[in-house]
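Mind docking chain Z on chain E? Use the hints.
The listed protein sequences correspond, in order, to chains E and Z.
Letter by letter, the first sequence follows residues 1 to 71 in full-length UniProt numbering.
Letter by letter, the second sequence follows residues 1 to 827 in full-length UniProt numbering.
A few of these clues could be false.
[What the hints assert, rightly or not] Below 27 Å or equal to it, Euclidean Cα-Cα: the simulated DSS-like pairs (lysine-lysine) are:
no., chain 1, residue 1, chain 2, residue 2
1, Z, K415, Z, K399
2, Z, K458, Z, K328
3, Z, K526, E, K60
4, Z, K262, Z, K207
5, Z, K644, E, K60
6, Z, K74, Z, K115
[Claimed, not checked] Residues from chain E that keep clear of chain Z, each with C-beta distances beyond 10 Å, as calculated:
no., residue
7, L5
8, I17
9, S19
No wet-lab data here; the hints were simulated from the structure.
For glycine and all other residues, C-beta sits at the position ideal for the given N, C-alpha and C.
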Amino acid sequence: MAFFLTTTAIFFAAGLIASVLVLLFFNRGASTNLLHLTLVITTTVCCWMMWAIVYLAQLKPLIVPVLSEGE
Amino acid sequence: MGDYQRLNVGRARGGCCPPMDLMRSEAMQLVRIIIPVESAHLTLSYLGDLGLLQFKDLNADKSPFQRTYANQIKRCGEMARKLRFFKEQMAKAGILHSEMMSSQTHIDFDALEIKLGELEGELIEVNSNNEKLQRSYNELLEYMLVLEKAAEFFYSAQSSAAAQQREIEAHQVGDGSLDTPLISEQEMLTEPSKQVKLGFVSGLVPKEKAVTFERILFRATRGNMFLRQAAVDDPVIDPISGEKVAKNVFVVFYSGERAKTKILKICEAFGANRYPFTDDLGKQMQMIAEVSGKITELKTTTDVGLLHRDKILKNISNLFEQWNTLVKREKSIYHTLNMLSLDVTKKCLVAEAWSPVFASSQIQDALQRAAYDSNSQVGSIFQVLHTKESPPTYFRTNKFTSPFQEIVDSYGTAKYQEANPGVYTIITFPFLFAVMFGDWGHGLCLLFSTLILISREKKLSSQKLGDIMEMMFAGRYMILMMALFSIYTGLIYNEFFSVPFELFGQSAYACRDSSCSDATTEGLIKVRGAYPFGVDPIWHGSRSELSFLNSLKMKMSILLGVAQMNLGIFLSYFNAKFFSNNLNIWYVFIPQLIFLNSLFGYLSLLIIVKWCTGSQADLYHVMIYMFLSPTEDLGENQLLPGQKTIQLVLLLLAFISVPWMLFPKPILLKKQHDERHQGQSYTMLHGNEESLEIEQHHDSHDHEEFEFSEIFVHQLIHTIEFILGSVSNTASYLRLWALSLAHSELSSVFYEKLLLLAWGYNNIFILIIGIIVFIFATVGVLLVMETLSAFLHALRLHWVEFMNKFYEGDGYKFSPFSLALLADEED
Chain E
1 MAFFLTTTAI
11 FFAAGLIASV
21 LVLLFFNRGA
31 STNLLHLTLV
41 ITTTVCCWMM
51 WAIVYLAQLK
61 PLIVPVLSEG
71 E
Chain Z
1 MGDYQRLNVG
11 RARGGCCPPM
21 DLMRSEAMQL
31 VRIIIPVESA
41 HLTLSYLGDL
51 GLLQFKDLNA
61 DKSPFQRTYA
71 NQIKRCGEMA
81 RKLRFFKEQM
91 AKAGILHSEM
101 MSSQTHIDFD
111 ALEIKLGELE
121 GELIEVNSNN
131 EKLQRSYNEL
141 LEYMLVLEKA
151 AEFFYSAQSS
161 AAAQQREIEA
171 HQVGDGSLDT
181 PLISEQEMLT
191 EPSKQVKLGF
201 VSGLVPKEKA
211 VTFERILFRA
221 TRGNMFLRQA
231 AVDDPVIDPI
241 SGEKVAKNVF
251 VVFYSGERAK
261 TKILKICEAF
271 GANRYPFTDD
281 LGKQMQMIAE
291 VSGKITELKT
301 TTDVGLLHRD
311 KILKNISNLF
321 EQWNTLVKRE
331 KSIYHTLNML
341 SLDVTKKCLV
351 AEAWSPVFAS
361 SQIQDALQRA
371 AYDSNSQVGS
381 IFQVLHTKES
391 PPTYFRTNKF
401 TSPFQEIVDS
411 YGTAKYQEAN
421 PGVYTIITFP
431 FLFAVMFGDW
441 GHGLCLLFST
451 LILISREKKL
461 SSQKLGDIME
471 MMFAGRYMIL
481 MMALFSIYTG
491 LIYNEFFSVP
501 FELFGQSAYA
511 CRDSSCSDAT
521 TEGLIKVRGA
531 YPFGVDPIWH
541 GSRSELSFLN
551 SLKMKMSILL
561 GVAQMNLGIF
571 LSYFNAKFFS
581 NNLNIWYVFI
591 PQLIFLNSLF
601 GYLSLLIIVK
611 WCTGSQADLY
621 HVMIYMFLSP
631 TEDLGENQLL
641 PGQKTIQLVL
651 LLLAFISVPW
661 MLFPKPILLK
671 KQHDERHQGQ
681 SYTMLHGNEE
691 SLEIEQHHDS
701 HDHEEFEFSE
711 IFVHQLIHTI
721 EFILGSVSNT
731 ASYLRLWALS
741 LAHSELSSVF
751 YEKLLLLAWG
761 YNNIFILIIG
771 IIVFIFATVG
781 VLLVMETLSA
791 FLHALRLHWV
801 EFMNKFYEGD
811 GYKFSPFSLA
821 LLADEED
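The following block holds chain Z by itself, in its conformation from the complex:
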């Protein structure tokens, strides 16, 4: 780990060229900043605006409550809670807070705290008042309903009773007095007061409980009651819960005090609101008038209350964004301040942070400004620390390179300053995508859609987009590259929505004779030089198309794959050179290069030779028998002079490179380690500068236990992985062939089976339907699903086949304390 200091030296030493942007992550340094307490807040806010420092938590052992600024954080949390409350209230009232920042006036943190408290108190009071008013308003509404409905009951009951009375009277007249029950009549006559004792309760009960309510009442009073119910047409707002509920108006008649208490209890249990009612008609009218008067009165009062609340909320909404950002800023500043350790004198705070080397002057400038602005008597002290820790990885990307870097990062963050595959990914990723997505018609569609995104870049970047849209927008330049390469490969494949064009001259093939009779049996013959650019259009639709294209695309996949894997191995060389690790060059890079190229490099060579000579040799046979019987004569499969010797040499090289990869590195590492140990015990005696350096260098390794077996097993795994990998990875590149084949077949199916078929009917209506279905199929299947699958396969080829040749990806990302990033965070 002590290598990191040497790295920066090595970087300064330079080489042939300047360091390449993006190839290596930014040089980082650990800095210590000592800030006087009085200017700490302002300093941190300036540094946060700069956003180039990643503070280390120096109080990791302390709990959140023990930290210096715990109190301020609590205050911020409280304010954030109030702001959330306002937000909720605004959402309830349907007031949108303006996204735009209103006039940027400076507000004091303490003043804001007081103001927020006041506003909250006011709002809560207004709300509770409103709630009370609303509740009594709802109660009155229910009462009104009861009055209306119950009056109906009584009216209908009275009229039916009167009718009954008349009937009874008529009956009595006609029937004589022989069977008249004397006693009851007597009772009726003598004690009319007992009848009047019938009491009643009226009110509202929720509709779904009405049936059980009735049953319970019936049981409780043993049937000595009479219930009348009527459904209310519209759902009523329940005064207690404030929700809309369908309700029934009921009137229960009972006799006796005990029954009354029982009924009241049941009413309570069922949440039935009772309202007083009288059977006196005059009183009823009076009550109705009274209640409706009260209702209108309450209505105006609540309206005024709501208006008042809306006014308060509107005022809040204007300033809400500003307050919210301020609170978020303060909270993150105090949070960062809590990571700083307090000096023993309690007069200054000590911060340790990672920062890019290039930012030193900016940081010092910010520190000076902060000291000046806060009228501090002492400035902050800035010093660079030397450390053995591995620094964070920081790439400065722009809108063009960031999606590609994102692809690499989602596999693993690069180790500090290791070669970044992101550089080549910018080109090879869209290229491999396009190999699978080769159709210049589809490429043009992609190009147009991404150009729309790019042209409206300014507008779109300021507004919130959906998840998928956001992803497309972030990758707009990647899609642009993908589209451009698709157009190129589409021209090479000679496909435009699967239709070939003779853009680059005439086809190389023609009929054998003028009658062209055997064109469908024997085939055409080549009459001029090969088609100059891309695939000859004559192949399209011919019977031998697939066998030709399969052979071409399969071989192309292998050639491209071997090229990309070689690039990956060469990057491992650059890594080894950068970290001046000679072991990796001699015992990893070189044998790997030899192994891959003696097998698959040789295969690529054979492919090219076969194409150039037009030989009939069977490459499978050559490759397989190179292993099975290397000494046997090749016979008709001979492609090169002395091929047998070449193959023997290559095979030997491949076999040698396996132990070459496996054994020397761990053995030499052990030797180096032993030497260092001896160096420590003896060289101190000489006491010259060189030995001191060794001594220092040694310190960093002192506590590292050297486990030979562990390192050997590690190397063994690496070797096996590489050897098996070089076979399986080469095979894995065949996905380029499979996907491009699938793409071209699908698009030709859509073209022939939809567009041409519909055209054949000679019917404008069918043609239109055919075109519409064709467009939907093209967009849905080819432009969306095929793009996704080609994207994923290109992703895999980079992550696995390309990056495992050199990429360690065990670093951690630089995440600076930045106030600018706060706004994007969702709370």
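The shape of chain E in the complex, shown without the other chains:
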């Protein structure tokens, strides 16, 4: 669980850094900045969800990989 929280924090930090970078380098006035922030936050949330779902699904597996005969 600790790993989950750490990585979540990393995603959060990445989103934060991206937001700051967008604000610094694409400063186009308050309204446009808000749009950019919304986009960055949505991206971060989507990416985090995707990772979190796949990670959690493998946390306590009910089935284990059974190798094929050929290998």
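What follows is chain Z alone, placed relative to chain E:
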């Protein structure tokens, strides 16, 4: 509809944050511009250059002919016709008009009209002359053919006749004079003039008609004729139609005047061109010489004529684009001027137009410049009108956001200032696409192809592309986003052309013992923490791969779907808040949120809890028995402490939220309506400011009949749609699972059955074929068809599942009068 004024006030009042770009369409205003007649044209042309006004047609009741500038429009139409004529002529002559704008000299409209007229006259004259010359040239060519062929007939006939003559003579000598037909001989001897009376007609007849021609001739003259035909080797240009036709040269011999007239008529009917011919050899030679002389003469004359025409057309082609734009501009300016109503004094024109609020100063500036430039004594007057009409929807998009906005617009143009799903679509659309298209190898291919488009953006945007190319180019940034997300989800799915990589550390699984004997029967065991990023590579190719991935992707689809639907419901909250519609917040947004989350939010929670605890509980069973027998003990399917109570509460909430959605809103609307009616009849007596406001506010609603039953039925439909929809929409998100499964299976089939199979033969030739087929299959099926299908499914998920939670989409698009857009229009 009177809300729109209040909206702008509400906007100014602000909130916690500045208004977000693209979230709401631009604030619009209805403006009235009063323009003096003398500067009207220039003003309109400046406003057209600005392109931020959508003029209303104030003369809708007038027919096109009754309008003020009908005459000018007619002139423009005439000029456009002339330009089209020039274009046709240029195309015929194979002269391309330069796309580039030549030196932008100012041309006067009237001068251009005269010039176009002159040029047209000149061109028509040159053309008709050329046509005449060409026709006689073709005639002469045919004549030449007739001369040649007919001469052959006569020559061969003469030689055969001479041979016959000799034979007859020889016969007569040998045979004696006993059986000689005396009478005929006598006739032959006494009346040689009758034989000479045989006349003939020569000419050319189209080949396909030759047989019928002969038959008709035969019948008409009752067989008293003799026809000789010879096919001309190459098709001849018919002088009358100017087309290439295969023809036969013919010579008809006949006797008698009546036969002659008949034959001439038949020739005419068959389109057979007749040419005079003589059987005198000397005359023939003379005629041939004459005709060939004429042919060369005509040839030079037509060449000079064509050269002259080409020169005229070349001159036109240099200026064609400029003229064309000018005419188009003038036509659209006059067309717009016709929408303006003429003042009673006939000294000024009154225009009403929608414009974005931000454009006010630009418009006023343009009006001033126009008044100054046209030396008008009075300037134009600009004023903002208050209206109850719903304004058009206008989003200021850029090259990055426009394809996403286009996606939303093709579902329906947003209502004025309602929350625009386009904002979230920019991210969620490529994301959902990528969930179905998760393979970072394929993602990289997409990325490279779109990067090529983006890097050549400047060059490509100036030239005309094919239909499909145009679409790809317009969506280049969307494809870029799709590619980037595909690379991300591909890394999560751990697929690179269906090959897994151990990029993020070692697999979490290992054999149970050193011999690894039961790896194929019992399976491996987990030896360390779960794979840190994405799907463990060990699953790939294992026998339990599908059951693991199916369970994962199915649950993921539901989680993502519930998240996106919740986002949609929250957007409906923002809409209600923006339009300060408390009813929608309390009686639509909240019960909807409760209903969705008490069923599917709870399911999502169970999924996550099941993953975290590793429980064996059967979620289908839990969900189904939550409805069938909510009081029953869960037994081994228990995931949470007190789950039974939780479920009972949630079920109760879900059941309560249905009537909550259904009844209060229409009842409260009716109450509000009744109150307003009473307010009107009583509050006037108080006469304070507040009541006046109510009164004003009421005016806008006065003519709206309140139909309770209609509103109730509307609400009923909405409620049923939402409740059934929340089940079917959640199920609809399972397409994410199905498509991503199909994609990964297809790519693994291509990899294993093409690439690995070809590799196994140990033959360089087979390997090359295998690689080529693999590349074609990957590009054709995975990169083109799968991209399309994933695109379409992502589109559907946005249009139906996401947007029906909040989007009304019954607005109309702002279509400004813009001269800059004219150039793109195809005529």
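Verification of the supplied hints:
1. Z:K415 <-> Z:K399: 23 Å, holds
2. Z:K458 <-> Z:K328: 26 Å, holds
3. Z:K526 <-> E:K60: 9 Å, holds
4. Z:K262 <-> Z:K207: 21 Å, holds
5. Z:K644 <-> E:K60: The given pair, whose Cα atoms are some 24 Å apart, holds under the 27 Å limit.
6. Z:K74 <-> Z:K115: 17 Å, holds
7. L5: The claim stands: E:L5 keeps its Cβ more than 10 Å from every Cβ of chain Z (closest is about 12 Å).
8. I17: 17 Å, holds
9. S19: Holds, since 14 Å exceeds 10 Å.
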